[in-house]
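Residue numbers (this note's numbering): 6 to 222.
Each hint should be verified, as a subset may be incorrect.
Said to hold, decoys possible - Calculated lysine-lysine pairs in the DSBU-like style (CA-CA distance at most 30 Å, straight line):
hint, residue 1, residue 2
1, Lys144, Lys16
2, Lys204, Lys144
3, Lys203, Lys144
Because the hints were derived from the structure by calculation, they are not lab data.
Note that the structure is a prediction, hence the values are computed from the model and not measured.
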Amino acid sequence: MRKLLLHPAAKPVMFVLCLLPLAWLVFATATNQLGANPAEALIRATGDWTLRALCLVLAVTPLRVITATPQLARFRRMLGLFVFFYGLLHLLSYAWFDMGFDVPDIVRDIIKRPFILVGSLALLLLTLLAATSFNRAIKVMGARRWQALHRAVYVVAGLAILHFFWMRSGKNDFGEVAIYAVVLAALLGWRLWQRLRKKAVLGRAAAQGTSSPARAR
6 MRKLLLHPAA KPVMFVLCLL PLAWLVFATA TNQLGANPAE ALIRATGDWT
56 LRALCLVLAV TPLRVITATP QLARFRRMLG LFVFFYGLLH LLSYAWFDMG
106 FDVPDIVRDI IKRPFILVGS LALLLLTLLA ATSFNRAIKV MGARRWQALH
156 RAVYVVAGLA ILHFFWMRSG KNDFGEVAIY AVVLAALLGW RLWQRLRKKA
206 VLGRAAAQGT SSPARAR
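All chains, full assembly: derive it from the sequences and hints.
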């Protein structure tokens with residue numbers, strides 16, 4: 006498995022897999038398979054795939070650590086860019102099919118409707134993360150500041166769930182929202198647990214280091 010992940014074809018295969026949802030949506034649109042309201046179906050589907058891609062990119066690190074497969078890390082940047090890609094498609098679908106690219110109406114709608122405002126903030130953060138996802142950005146910003154900025158993906162996860170929750174609140178349809186919330190909470194909770202455990206280990210090591218000279222005397 007690890008050798009397959011390092012194969013030169015692994016990234017192109019992953020790229021194609023990430024494009025399959027878009028290919029299906031294009032095919033479904035061309036063959037009238039999106040139901041009675043294809044515009045709403047496209048807006049909803051692109052939003053769903055943004056959340057799914059976000060879950061995938063946040064799952065990379067836990068899977069890498071739990072399965073001892075460091076090779077998974079090489080796909081994280083690509084998956085992160087696809088989160089932005091599907092989020093941008095989600096915005097474009099809304100701006101085109103719902104608002105007809107009427108910019109003043111879009112701005113008023115964003116201000117008036119909290120779930121759209123929250124979704125817009127999430128996409129703005131994703132834009133910053135996508136724009137600084139390359140090695141040159143790490144060199145310019147410095148590793149520490151770059152890492153601090155890219156922790157904003159956790160804020161994106163919270164905003165995305167809030168956007169999804171408010172969007173579905175009018176329909177009293179919370180089952181799917183709950184599933185995404187549980188998955189994202191588990192992925193973020195794992196990171197918090199790892200950080201607390203590392204802090205506890207460092208604390209014990211520091212305590213042992215300070216007590217050793219006392220014992221020597």
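Here is how each hint holds up against the structure:
A C-alpha spacing of about 24 Å is found between Lys144 and Lys16, which places the hinted pair at or below 30 Å, so the restraint holds. As the CA atoms of Lys204 and Lys144 are separated by approximately 28 Å, the hinted pair is consistent with the 30 Å bound. Straight-line distance between C-alpha atoms of Lys203 and Lys144 comes to about 27 Å, which keeps the hinted pair within the 30 Å bound.
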